[in-house]
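A.B. asks: Here is how the chains run, residue by residue.
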Amino acid sequence: MDLMRDCLDKLLEDGNKRRMGRVDGIILDIEDGSQPHVAYIEVGVKTVMNRVSPRLADAIARLLQGFGISTEPYRIAWGKVKVGLNKVTADVEAEKTPALEWELWLRKKVIGRIPGA
Amino acid sequence: MKKILEIALGIVTSVGGFLEIGSIATAAQAGSDFSFQLIWAIVLGGICIIFLVEQAGRFAAVSGRTIPDAIRERFGFNYFAFLYLVLALVSLIVLAAEIGGVCIALELATGYGFQWWAIPVALVIWLVIWKGTFGVIEKGVSMLGLVTLCLVVGAVMIHPPWSQVAQSALPSLPRHDSVHYWFVAVSILGASISPYLFFFYSSGAIEDEWNEGYVGINRIIATGGMSFGSVISISVLILAAMIFAPQGVKFEHYSQLPQLLVPVFGYWGYWLIVTSVGIACLGAAMEITLELAYLTAQGFGWNWSENQRPLDEARFSAAYMLAIVIGTLPILIGIDPLTLTIFGMALTAATLPVSIVPFLFLMNDYSYVRVYRNGWFSNAVVLVIIGIAFVLALVSIPLQIFGGS
Numbered sequence: 001m002d003l004m005r006d007c008l009d010k011l012l013e014d015g016n017k018r019r020m021g022r023v024d025g026i027i028l029d030i031e032d033g034s035q036p037h038v039a040y041i042e043v044g045v046k047t048v049m050n051r052v053s054p055r056l057a058d059a060i061a062r063l064l065q066g067f068g069i070s071t072e073p074y075r076i077a078w079g080k081v082k083v084g085l086n087k088v089t090a091d092v093e094a095e096k097t098p099a100l101e102w103e104l105w106l107r108k109k110v111i112g113r114i115p116g117a
Numbered sequence: 001m002k003k004i005l006e007i008a009l010g011i012v013t014s015v016g017g018f019l020e021i022g023s024i025a026t027a028a029q030a031g032s033d034f035s036f037q038l039i040w041a042i043v044l045g046g047i048c049i050i051f052l053v054e055q056a057g058r059f060a061a062v063s064g065r066t067i068p069d070a071i072r073e074r075f076g077f078n079y080f081a082f083l084y085l086v087l088a089l090v091s092l093i094v095l096a097a098e099i100g101g102v103c104i105a106l107e108l109a110t111g112y113g114f115q116w117w118a119i120p121v122a123l124v125i126w127l128v129i130w131k132g133t134f135g136v137i138e139k140g141v142s143m144l145g146l147v148t149l150c151l152v153v154g155a156v157m158i159h160p161p162w163s164q165v166a167q168s169a170l171p172s173l174p175r176h177d178s179v180h181y182w183f184v185a186v187s188i189l190g191a192s193i194s195p196y197l198f199f200f201y202s203s204g205a206i207e208d209e210w211n212e213g214y215v216g217i218n219r220i221i222a223t224g225g226m227s228f229g230s231v232i233s234i235s236v237l238i239l240a241a242m243i244f245a246p247q248g249v250k251f252e253h254y255s256q257l258p259q260l261l262v263p264v265f266g267y268w269g270y271w272l273i274v275t276s277v278g279i280a281c282l283g284a285a286m287e288i289t290l291e292l293a294y295l296t297a298q299g300f301g302w303n304w305s306e307n308q309r310p311l312d313e314a315r316f317s318a319a320y321m322l323a324i325v326i327g328t329l330p331i332l333i334g335i336d337p338l339t340l341t342i343f344g345m346a347l348t349a350a351t352l353p354v355s356i357v358p359f360l361f362l363m364n365d366y367s368y369v370r371v372y373r374n375g376w377f378s379n380a381v382v383l384v385i386i387g388i389a390f391v392l393a394l395v396s397i398p399l400q401i402f403g404g405s
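If you read the protein sequences in the order shown, they are chains Y and S.
27 is the number that this note's numbering gives to position 27 of the first sequence; each next residue is one higher, with no gaps.
142 is the number that this note's numbering gives to position 142 of the second sequence; each next residue is one higher, with no gaps.
Here chain Y stands alone, though its shape is the one from the complex (with noise of 0.2 Å):
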C-alpha cells in the first residue's frame, strides 16, 4: 500500500457510513533496529494546518479554544482501520468521537436553536 497515496486525505467513515472528515495525517512507530510501522491515523484541525504551517495551526488552535472547542488530534489504532479503495473506515462510532464534537457543538448551541432544523 502506498500510505500517501490511498490513506492520507481520503475520506474517513465510521462503521455505519457516517463521514468522520478525512485522513489528516498518519503516525508511523519507529523503533530501532525494526521496520517502523503504522500507529495511528490522526484526524482533526491541528494536525491538518500542520502540514501547511506549524504557526498557523497553533492560531487556529488558539482560536477555536476560546469557542471552549478541543483542538487536539484525534487518533485512531491502525488495527481499527481498513483502508478502501475510495474511502478508509475506522471501527467506531463516529459520534462518540471527538472527531465530530465540532459537529455535536454547533447542532447543540447553533443549528438546533433555529426553528425548521
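Below 27 Å or equal to it, Euclidean Cα-Cα: the simulated DSS-like pairs (lysine-lysine) are:
#1 Y:K46 to Y:K108
#2 Y:K109 to S:K131
#3 Y:K17 to Y:K108
#4 S:K139 to S:K2
#5 S:K131 to Y:K108
#6 Y:K109 to Y:K96
#7 Y:K96 to Y:K80
#8 Y:K82 to Y:K46
#9 S:K131 to Y:K17
What follows is a list of derived Cβ distance ranges for each label pair:
#10 Y:K96 to S:N379: 43 to 49 Å
#11 Y:N16 to S:N379: 38 to 44 Å
#12 Y:D29 to S:F402: 55 to 61 Å
#13 Y:F67 to S:F82: 24 to 30 Å
#14 S:I326 to Y:T97: 28 to 34 Å
Among chain Y residues calculated to face chain S with C-beta under 10 Å, some are:
#15 R18
#16 V52
#17 L104
#18 I114
Hint data in this document are derived by calculation from the structure and do not stem from the laboratory.
All values derive from a computational prediction rather than experimental measurement.
In this text, a Cβ means the ideal position worked out from N, Cα and C, and glycines have one as well.
Dock chain S against the given chain Y, drawing on the hints supplied.
C.D. replies: Coordinates of chain S only, in the frame set by chain Y:
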C-alpha cells in the same frame, strides 16, 4: 422517454440557471462600448464552460465524487487549502454581487434604495436553502429563470444586422480604447468560465445520484444548456449594442438595464427586465451559497447534502449561513453592486488556473474515471483552456487597473 424528459429538464434548468449578474453586466458593457465586436468573447467563454461542465459532470457520474473532493485526495491538503482560500474569496465577492443584483431589481421595482433590500434578500436565500431541497433550488429557481428568455425574444425583435452579429463571433482587434476592450473581454470570460458553475454542477450530479448511465445525458445537458445560456448573454450584448451604442450611452449603472427592453416591449419591458435580473441573480446567489458550503464540506470530509435536514449536517448548514452573512455585508454597507460585479469577474479570471489545472490530471486518472477518461481532443481543449486561463490570470489585474472604468 424518461431519459428524454431528464435531458429536457436538465437543459431547461441549465438555461434558466445560466444568466447571472456577471453575464448581464459584462455583456451590457461590451454592447454599449464596442457594439457587436465582443460577441466572440461570449462564444469562446461558452465553448470553454461547455467542456468544463461536461467533464465535471462525467467525473462525478463515473467516480461518485465531486471535483473538490478529488482535488483534496489527489493533490493533498496544501493545494486544496490554496484552492479553497482563492475560490472562497472570489465566490464571496461574486455572491455579494449577485445579492446586489437582486437588491437592484427590487430597487427598480419599488424605488427604495438597494441597501434596504440586503437583509430581506439574505433571509429569502437562507430560508429557501434552509427549508428547500436540492431539487427545489436546481429546478424550481431555474424554471423561474426561464423568464430571462425574454432577452432573446427582445434581441430578435429589435432586428440586429445578423451578418454583423455572425461576423463578430470571430475575434477581432479593437478599433478604439484597446485597454478597455481587452478588459471587457477578460471580464466576459471571467463571467462565463465561473468555477462555481462547474463545481456546483458536479455536486448536483452527486445530489441527483448520477451514475455511469448518465455520461451521455450529461454530455447533451452540458452542451445544450451552456450553449442556450450563452445565447441569452449574446442577446443582452445585442440589445445593448442596438440601444446604447448608437446613442453613445455607456453602461455605467444597473438603473440603465430597463432601457434594454423598454424600446421592444414598452411598459412590460421594464417589468420583464426587473424580473429577469431579480430571478437570475437570486438563483445564482443560491447556487454560489450552496457551492461555498459544498466546497467546504467536501474538502474537509463532512456530511453534506441539501436534501438532508439542517440538524443532520450542522457544519454544512453553518457554512452556508456564514457565506450568506459575509456575502450580504458589502451590499449592506453600500458598495456599488456594478463595481463589485466587474471586480468579481476580473478576479475570477485572475484565479482560473487554480481551478482548471486539476481537470487535466483528474480527467485522465484511471482510478477515478476509468474508461471514461478524456480522449486526445478533450485533453487538447483543456490544455487550450488552461492556456487561456493563464493569460487571463496574468492580464486581468493590470487591465482592471488601467482599463476597468
